[in-house]
Amino acid sequence: MELDVLLLSRLQFAFTIMFHYIFPPLSIGLGLLLVMMEGMFLKTRDPQYEAMARFWTRVFAVNFAMGVASGIVMEFEFGTNWAAYSRYVGDVFGSALAAEGLFAFFLESGFLAVLVFGWDRVGPKMHFFSTLMVSLGSIFSSVWIIIANSWQQTPAGYHIVNGPNGPRAEILDFWAMVFNPSTVDRLTHTLLGAFILGAFFVMSISAYYIIKERHLDFAKRSFKIALALGTTSSLLIAVSGHSNANMVAENQPAKLAAFEGHFHTGEGGSPLYIIGWPDEEAQEVRYGVAIPGMLSFLVHGDFETPIKGLDQIPDEDEPPVFLPFMTYHVMIALGMFFIGLTLLSCFFLWRGTLFEKRWLLWAHVFAVVGPYIANQAGWVSAEVGRQPFIVYGHLRTSDGLSEAVVAEHVLTSIIMFGLIYAMLFAVWVWVLNHKIQHGPEPAVSAAPHGGAPISGGKDLLVATADLTRPGKGHSLSGIRDEDATREEE
Amino acid sequence: MMEFETLQIFWFVTVGFFLAGYAILDGFDLGVGIMHLLVAKTDHERRITMNSIGPLWDGNEVWLVVFGGALFAAFPEAYATAFSMFYLPLHLVLFGLIFRAVSLEFRSKSDNPLWRKAWDVGFFMASTVTTFIFGVAVGGSIQGLPIDERFIFRGELLDLLQPYGLMVGTMAVATFAMHGTIYLYLKTEGELQERAHHWMWRTFGFFLVAYLLTTIATFQVAPHATQNFKEYPIAWVIVLLNVLAIANIPRAIHLGRPGYAFLSSCCTIAALATLFGAALFPNLILTTLADGKSLTIYNASSSHGTLHLMQIIAFIGAPLVLTYTCIIYWVFRGKVELGHNSY
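So the sequences go chain by chain: A and B. The working numbering puts the first residue of the first sequence at 1, with every later residue one more than the last. The working numbering puts the first residue of the second sequence at 490, with every later residue one more than the last.
Source of the hints: derived by calculation from the structure; they are not laboratory data. Do not rely on the hints blindly, as some may be mistaken.
From chain A, some residues computed to sit far from chain B (all C-beta separations above 12 Å) [said to hold, decoys possible]:
1) 12
2) 87
3) 104
4) 115
5) 239
6) 264
7) 277
8) 303
9) 420
10) 431
Here are the simulated DSS-like pairs of lysine-lysine, each with C-alpha atoms no more than 27 Å apart in a straight line [to be verified]:
11) A/212 to A/224
12) A/308 to A/220
13) A/212 to B/606
14) B/719 to A/125
15) A/125 to A/43
16) B/530 to B/606
17) B/606 to B/824
18) A/357 to A/308
19) B/824 to B/530
20) B/598 to A/435
21) A/435 to B/606
22) A/212 to A/43
Beta carbons are placed, not taken as given, at the ideal position from N, Cα and C, and that holds for glycine.
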């Protein structure tokens with residue numbers, strides 16, 4: 001088999017970015033929930049909220065570390081595998097990436113230290129501030145990378161000049177680049193997707209605890225906060241999705257045609273497929289269930305105006321259809337499912353019977369897989385739908401490769417990534433399971449130190465107490481007791 | 490708006506600043522990783538050493554990310570050439586950094602001694618390999634590499650592994666090992682600190698030998714590296730400061746002032762990074778091909794507008810970054826204490 005650098009590099013990028021994207025959405029979504037929980041603690045001083053914030057912080061920390069570790073890979077890969085692309089977009093893309101590092105990464109990784117390790121070193125207000133900064137930092141980092149990616153989808157505020165190594169894009173208008181036609185729509189959609197994942201994640205584990213009748217108060221409160229976020233975000237993302245589709249219709253007609261399996265422009269209104277199996281050979285959607293004229297209605301507001309089909313796109317500029325169509329439809333179906341499930345849960349919560357409905361709780365335990373798939377599917381449709389371009393309309397993916405790199409090297413790195421990521425994933429699942437089985441520490445009424453930071457000396461006592469009981473070193477209540485005893489002395 | 494040329498120099502210095510910051514800050518994290526098997530013996534001591542960098546390594550690693558981002562933005566041609574040229578070595582660095590992160594994160598998740606031992610070795614290997622490759626890359630840039638007139642690397646993997654590069658790689662390991670050991674001396678107490686003190690002298694000796702050999706080799710292998718020193722004799726001040734900083738390390742150890750020793754070690758790394766910059770300027774990557782073209786800050790940079798824009802971003806961002814870096818280091822000052830939030 002002929003090894004193809006293009007195919008291998010695309011596979012490697014797809015694999016590493018999809019693996020990376022398992023983690024950031026949860027950091028964003030869970031980060032917001034941490035802010036809500038800790039905010040409630042500051043407001044009510046109810047120790048249960050502190051126990052919640054502490055437990056979810058531990059889960060957050062593991063997830064965050066995985067995101068950092070797999071994220072550096074992405075920044076390196078632009079240069080290692082896509083050198084020609086980097087030369088072409090560096091002037092535009094690089095500044096967004098540098099801003100991301102300066103404004104977002106320093107913020108989140110710095111304050112993460114206080115969030116995770118600083119519970120006993122700073123007061124509750126400073127701790128809350130750190131949580132807020134970590135959450136903001138994770139949102140900022142999505143802002144800059146989505147600006148850069150949106151610019152690739154709908155370039156704006158630039159001109160093409162002759163650089164030292166052939167043509168390249170240079171910024172003309174920074175704000176036009178930042179607010180290119182797709183940035184706001186895509187950012188909103190991505191953040192809402194992350195919030196849904198965070199909410200479904202917390203609901204999943206909480207539902208599991210409720211079913212197993214463990215940590216009931218903790219689990220019910222966590223569930224309710226997450227349900228509030230999950231329901232709001234699920235409803236809003238439908239609105240955002242519609243706005244996104246219209247934006248794509250306006251700016252990337254070929255991509256919309258791929259999403260909808262719209263091969264032929266035809267006369268009159270264009271149909272909207274609910275389900276189907278696009279056949280690119282035959283240029284038609286098989287086994288499709290379609291609403292006639294609906295696509296025209298969604299885009300133009302009437303049932304008559306035809307939508308540009310793939311037949312009006314030059315052959316060499318046509319994106320693949322099967323993958324964008326499938327992932328796009330899976331994402332939408334899951335979105336509908338999120339709305340249904342959260343609304344149903346809200347209804348039973350209002351009736352006061354939510355936590356008795358075991359079938360519904362079980363549904364929530366497994367429903368967390370949904371947002372993971374939906375987030376990935378959405379990105380696959382967005383990125384594959386942009387093909388064959390890496391910068392829409394300007395630079396083809398095949399022209400973005402590194403000339404100095406040979407197929408054997410890419411194959412080597414893919415195999416290494418495959419092995420290391422498989423191991424990482426297994427360990428991550430194991431650690432997560434360990435944390436879930438361990439569960440939250442019981443809430444301690446009236447924290448002994450009333451919010452004042454503990455002095456170093458006392459921390460040492462905590463450490464000593466910790467060490468004298470190997471194996472039980474992580475029992476928070478034990479340490480608290482020890483601490484309280486010392487205080488009495 | 491500054492002159493284009495002034496901005497190009499500004500960004501050369503700024504990118505260098507991020508690299509030096511990374512070397513100083515993550516340098517002690519990597520150094521702790523290189524030395525922890527030797528310095529820390531018991532499980533408790535291993536936990537102390539890991540937790541000495543626990544809250545900090547993540548933020549320190551961001552300096553590398555920002556260095557990469559700044560290089561990408563300011564000198565995209567150099568970023569593209571260097572990263573695609575060092576394809577396999579950089580992937581090893583990535584695997585190293587991933588392993589370091591997960592070793593720290595997962596070690597304490599089980600009490601099984603074999604589990605912990607495995608992550609201990611992983612932590613050591615990851616730190617050592619990563620440091621070594623950084624050094625090899627620096628050596629390669631000083632010595633020059635086969636780059637053609639379109640800035641494309643035209644060599645083989647073996648061209649990256651010249652004896653000089655391997656020597657700089659060894660020196661990088663020696664430097665960070667010393668830096669990390671001094672850091673451990675600063676952050677630990679009792680028997681562990683005694684052992685760190687012991688290893689401080691040895692790593693300093695290792696560093697000194699590597700430093701002298703590399704200096705001699707640089708004159709042999711890369712005579713062009715001293716060109717700037719002939720043209721701008723003021724650059725000798727850096728050499729002088731470098732020697733003073735190095736000499737101050739044993740003095741501070743002898744006086745029993747670890748903070749002072751650590752500061753000297755930081756200054757040593759800063760001076761080494763500055764020397765690296767002074768040797769390169771105005772080149773970024775030197776070509777060894779007769780018909781090739783070296784990448785310089787003038788022919789590899791982004792447009793005037795972008796450099797100006799990024800300068801504004803940097804001026805807004807830098808004070809913020811410095812503020813919260815100081816906050817974090819202040820919160821986690823003092824000796825390492827294990828608590829229930831520790832690794």
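Here's how the hints hold up against the structure:
1. At roughly 10 Å, the least C-beta separation between residue 12 of chain A and chain B is not larger than 12 Å, which violates its mark as non-interface.
2. For residue 87 of chain A, the non-interface assignment is contradicted: its Cβ lies about 5 Å from the closest Cβ of chain B, within the 12 Å cut-off.
3. Annotated as non-interface, residue 104 of chain A brings its C-beta within 12 Å of a C-beta of chain B; the closest such distance is 9 Å.
4. The Cβ of residue 115 of chain A does not lie farther than 12 Å from every Cβ of chain B; its closest approach is about 10 Å, which violates its non-interface assignment.
5. Non-interface status of residue 239 of chain A relative to chain B is upheld: no Cβ of that chain comes within 12 Å, the nearest being about 33 Å off.
6. Residue 264 of chain A, annotated as away from the interface, keeps every beta carbon of chain B farther than 12 Å; the closest lies near 41 Å.
7. For residue 277 of chain A, the non-interface assignment is confirmed: its Cβ lies about 38 Å from the closest Cβ of chain B, beyond the 12 Å cut-off.
8. Non-interface call for residue 303 of chain A relative to chain B: holds, since the shortest CB-CB distance, roughly 47 Å, exceeds 12 Å.
9. The claim that residue 420 of chain A is not at the interface with chain B is violated, since a C-beta of that chain comes within 12 Å of its own (minimum 6 Å).
10. Some Cβ of chain B comes within 12 Å of the Cβ of residue 431 of chain A; the nearest lies about 5 Å off, and the non-interface call is violated.
11. Note on residue 212 of chain A and residue 224 of chain A: the hinted pairing holds, with a Cα-Cα distance of about 17 Å set against a maximum of 27 Å.
12. The suggested pairing of residue 308 of chain A with residue 220 of chain A is violated, with an alpha-carbon distance near 50 Å, which exceeds 27 Å.
13. Taking the CA atoms of residue 212 of chain A and residue 606 of chain B, the gap is near 35 Å; set against the 27 Å cutoff, the hint is violated.
14. The straight-line distance between the Cα atoms of residue 719 of chain B and residue 125 of chain A is roughly 57 Å, outside the 27 Å bound, and the hint therefore fails.
15. Straight-line distance between C-alpha atoms of residue 125 of chain A and residue 43 of chain A comes to about 11 Å, which keeps the hinted pair within the 27 Å bound.
16. The straight-line distance between the Cα atoms of residue 530 of chain B and residue 606 of chain B is roughly 11 Å, inside the 27 Å bound, and the hint therefore holds.
17. Restraint check for residue 606 of chain B and residue 824 of chain B: satisfied, since their Cα atoms lie roughly 24 Å apart, inside the 27 Å limit.
18. Restraint check for residue 357 of chain A and residue 308 of chain A: the C-alpha separation of about 48 Å exceeds 27 Å, so the hint is violated.
19. Pair hint residue 824 of chain B plus residue 530 of chain B holds up; C-alpha atoms about 18 Å apart against a cutoff of 27 Å.
20. For the given pair, residue 598 of chain B sits about 9 Å from residue 435 of chain A by alpha-carbon distance, which is consistent with the 27 Å threshold.
21. Between residue 435 of chain A and residue 606 of chain B the CA atoms are separated by roughly 21 Å; this keeps the pair inside 27 Å, and the hint holds.
22. A hinted pair counts as satisfied when its Cα atoms are at most 27 Å apart, and residue 212 of chain A with residue 43 of chain A does not qualify at roughly 30 Å.
Figure legend: structure checked against the earlier numbered hints; hints not met, in rising order: 1, 2, 3, 4, 9, 10, 12, 13, 14, 18 and 22.
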